[in-house]
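One letter stands for each residue in the lines below.
Protein chains: 4
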Amino acid sequence: MEGFGVHTSMWTMDWSREGATRAVEAAAHYEMDFIEIALLDAPNVDAAHTRTLLEKHGLRALCSLGLPKAAWPSQDPEAAIVHLTQAIDKTAEMGCEALTGVTYGGIGERSGQPPTQAELDNVARALEVAGRHAKTRGILFGIEPVNRYETHLINTGAQGVEMIERIGLDNMFLHLDTYHMNIEEKGAANGVLAGREHLRYIHLSESDRGTPGWGTCDWDEIYAALAAIGFTGGLAMESFINMPPELAYGLSVWRPVARDEAEVMDNGLPFLRGKARQYGLI
Amino acid sequence: MEGFGVHTSMWTMDWSREGATRAVEAAAHYEMDFIEIALLDAPNVDAAHTRTLLEKHGLRALCSLGLPKAAWPSQDPEAAIVHLTQAIDKTAEMGCEALTGVTYGGIGERSGQPPTQAELDNVARALEVAGRHAKTRGILFGIEPVNRYETHLINTGAQGVEMIERIGLDNMFLHLDTYHMNIEEKGAANGVLAGREHLRYIHLSESDRGTPGWGTCDWDEIYAALAAIGFTGGLAMESFINMPPELAYGLSVWRPVARDEAEVMDNGLPFLRGKARQYGLI
Amino acid sequence: MEGFGVHTSMWTMDWSREGATRAVEAAAHYEMDFIEIALLDAPNVDAAHTRTLLEKHGLRALCSLGLPKAAWPSQDPEAAIVHLTQAIDKTAEMGCEALTGVTYGGIGERSGQPPTQAELDNVARALEVAGRHAKTRGILFGIEPVNRYETHLINTGAQGVEMIERIGLDNMFLHLDTYHMNIEEKGAANGVLAGREHLRYIHLSESDRGTPGWGTCDWDEIYAALAAIGFTGGLAMESFINMPPELAYGLSVWRPVARDEAEVMDNGLPFLRGKARQYGLI
Amino acid sequence: MEGFGVHTSMWTMDWSREGATRAVEAAAHYEMDFIEIALLDAPNVDAAHTRTLLEKHGLRALCSLGLPKAAWPSQDPEAAIVHLTQAIDKTAEMGCEALTGVTYGGIGERSGQPPTQAELDNVARALEVAGRHAKTRGILFGIEPVNRYETHLINTGAQGVEMIERIGLDNMFLHLDTYHMNIEEKGAANGVLAGREHLRYIHLSESDRGTPGWGTCDWDEIYAALAAIGFTGGLAMESFINMPPELAYGLSVWRPVARDEAEVMDNGLPFLRGKARQYGLI
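Protein chains in written order, with our numbering: chain A, 1 to 282; chain B, 1 to 282; chain C, 1 to 282; chain D, 1 to 282.
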């Protein structure tokens, strides 16, 4: 998790052998340092196939997920531990460095209330057990605050830090996302400021999840804050142009937020990578 | 709907005689030109009481709402027409100028799919009948696009314009909201650009719905675009610090987004009003 | 003056036959709609050569200048009229559409005092005579406000409008420049707002006159305001990478503000042209 | 030099006993932590009077200056050393903490060329001797990069750092100014990033030197970068509303950039102080 990478949702949300091949080849073509793989169905991923692909193309990788309702930590921490353990093992088998994302709940999990102490206790317990297991496998374990509509549990960088410091594992890290920060933080850079001690990974996603540089995110402010805290983690471009129906409800992507892959890769990628160079981040 | 006003959710979400009195007196204290009243329970509002209060304080007003599930136009346009007609009548009785808001659906209405043609046809039918009724009562009738998580029907200024132009009533108008624009539009000013022919009202709401000026909205860009299109409609500050549980799920306000009323009124109000003067909008 | 063009200082500040050929070919290569030619030494320009070049490449053009000290309108309006008349004639002979720039003074002209009424009267007299002459030749005649350090006469869009309206010629226009606006206007869009009735041309120049998109200019705010006023004039990229010593003092470009031409053309041009398309300006 | 202060040009540019009294009382009224005093005529300042005033009001202070032509370090380092030594002694006698500003030249010093090695060597020699003297008096000694029109010697944070590191005195510091950064740096925060190791003082001055918050400076980006580097130095509001003629040429302030003191103090001060609190800087 360093350098400039991309979420493979640009090319597939299905990590079959065919999807994996297409995504890894595309990422290599665009000279990415790493990729993020959505681990939505860990048991059915051919880990050896992915590991070979990554090695062949000299790409590093990490995995991310949100949890299915039956394994929401707030409700059933034991089920969450089983699910996360399986995902961590698959992550290790694939030769990936980290498991991150909404590791603390479901995408779209909302009780209609602020998080209760019992919910947060359950989440902390599941994350701690999973985080310890990740450590034994040499895997970093991240949590990504997402906006108020996608969870009621952890919306801001400060809330993410609070959970990480409560657990106290040194392989746990904060994973921010500019799309969510644009809604939740007081100023484009504030999540970076709040999370500085634990931030190792950031999704560079535009305000509408479309083509980076064409929305309302203040990229100079974000990059300047990253440079100022001495950020050395991974920068991952994320745009949502291939969204399977089972994710569309939680993520609420109804409209095409970018015309096509070419619009993102020809405009958003040079923009984000150029700014990262301007600020000395890559 | 001209000048600078405020959504009365600053002081109450309950338009009882007591709530109305408190809100109108507070708005008058802050020298507002108008107020917006949330018409969540029209039948139980004492219209004469509000009318007298408004006249006493020389305040103009408009009403807003979202529709209950039983009256979602996409599903049951006839029920929606009944609900909207009742609200329009109450609006007129209160001496208010307009009914606006999510008049085309529920706050939080999401099918998990893009809007279907049948849903949009139903919405158009309900809005047209309600809009004609509003016209007979001398009431302006608005639609407010809201973000992808609060509806799947109308998220952008362009979509709002499309619906308004389809119906073709001259008392219908576009009502934008900077909070939603920050998520949905390609650039802070783009909703204003797309909606210029029909825009008569705008919510000035910060990116986290907290204290205006302390978030990620680019206020200069928004105000400059309003000035450039020659906007002469109403500017309404909106912050969510008094949210009843029945709205919290749809709006997903779990955290206190501002410390208290004083934080908003002492910081956000002078900031927004000062910028409006700087750009010649009031 | 419509579409997207470039100031030829990108390639030469010497409008000899050789310089003209290099600049026109380069502009055509980058598919510009028009070019701006610095008319620093009008008598020695081979007008027929330039006209033929422009026709061959299907490029439109306009000319710009600042006045030498001996022809400062504030001090010697008659000398200024002679100089401007000669430049207007050459502009017409070259087949160009307009003469613009610091047509009201010298670049670096500063008295150390606010402009006096006598200075402004002299300027108005010279501009009126020159403007009338331009009209007989079918040439548009512009004035470009520049920042406080480059003139004490006209620094803001509002001051430019005042001069244009005082003179009252319909072939006179306002020519803004984002670099100067960044220093002088209250908000990135305010010059556009103040100048809306007379604005036909704008220099897109970064805050340090280097690579557009890599400085402090708020390009979304600028483009949004242009779109909102219905701007249909010319957009001209300007960066200073070839500055002859005789201009360096007035313009105070001591440092290389961009690495080289490639940095500007590979980064700044796609950025500016892409945003212009995003806002429907080209 | 910590906390929030103000340049006393808000109230006087004449540090007579009368001017000093008016300025100190005004600064105390606005609850400033410190003031900056323009030391334009050190020999005629009544140091004991100022020291008593500062002690009475519990205000800290620092001094600033630009050098007269006869004492430009680039041309006559020995004369500069005499001038700076005198100013440092007066600074110490007044009970001030630092001498800063354009300590390396004249405001408006421009050769029309990039700085030569001989000029920079002269500057370094003068600053080193003056800096050592300041150290013996317990005085911090700063250099403030200013824009290309006010000097050709040191325009950016990076150039300031280069000079400080060349000299290598631990009582020397970088003093940035947002007005100059807005013109010279690649991004609002870049001077802060470049200067992070040496930055102890910053002028908060709007893009037109008028009312802070009403111009083109990106204040969130600036404050976020300050917070991110862990800035603990002084924040000083600066607006130019009282400019004596002898400074007007170098600073080129022809127009009233703010209506009056009240406009700045009622709008700019709460804006800047509020943002400083939002970012945890005071």
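Don't take every hint at face value.
Stretch-level coverage of chain B by chain C, calculated; a stretch enters the list once three of its residues show a Cβ under 8 Å from a Cβ in chain C [unchecked claim]:
(1) 26–34
(2) 40–52
Derived Cβ-Cβ restraints for the label pairs, each shown as a range [stated by the list, open to error]:
(3) C:3 / A:170: 42 to 48 Å
(4) D:113 / C:137: 56 to 62 Å
(5) A:266 / B:93: 55 to 61 Å
(6) C:135 / A:261: 47 to 53 Å
No more than 27 Å apart at the CA atoms, straight line, and that leaves these computed lysine-lysine pairs for DSSO-like [what the hints assert, rightly or not]:
(7) B:69 / A:69
(8) C:69 / C:135
(9) C:69 / D:135
(10) A:69 / A:135
(11) D:135 / D:69
(12) B:135 / B:69
Derived from the structure by calculation, the hints contain no laboratory data. C-beta atoms are modelled at their ideal positions from N, C-alpha and C, and glycine is treated no differently.
Legend entry - Numbered hints the structure breaks, given as an ascending list: Per hint list: 1, 2, 3, 4, 9 violated.
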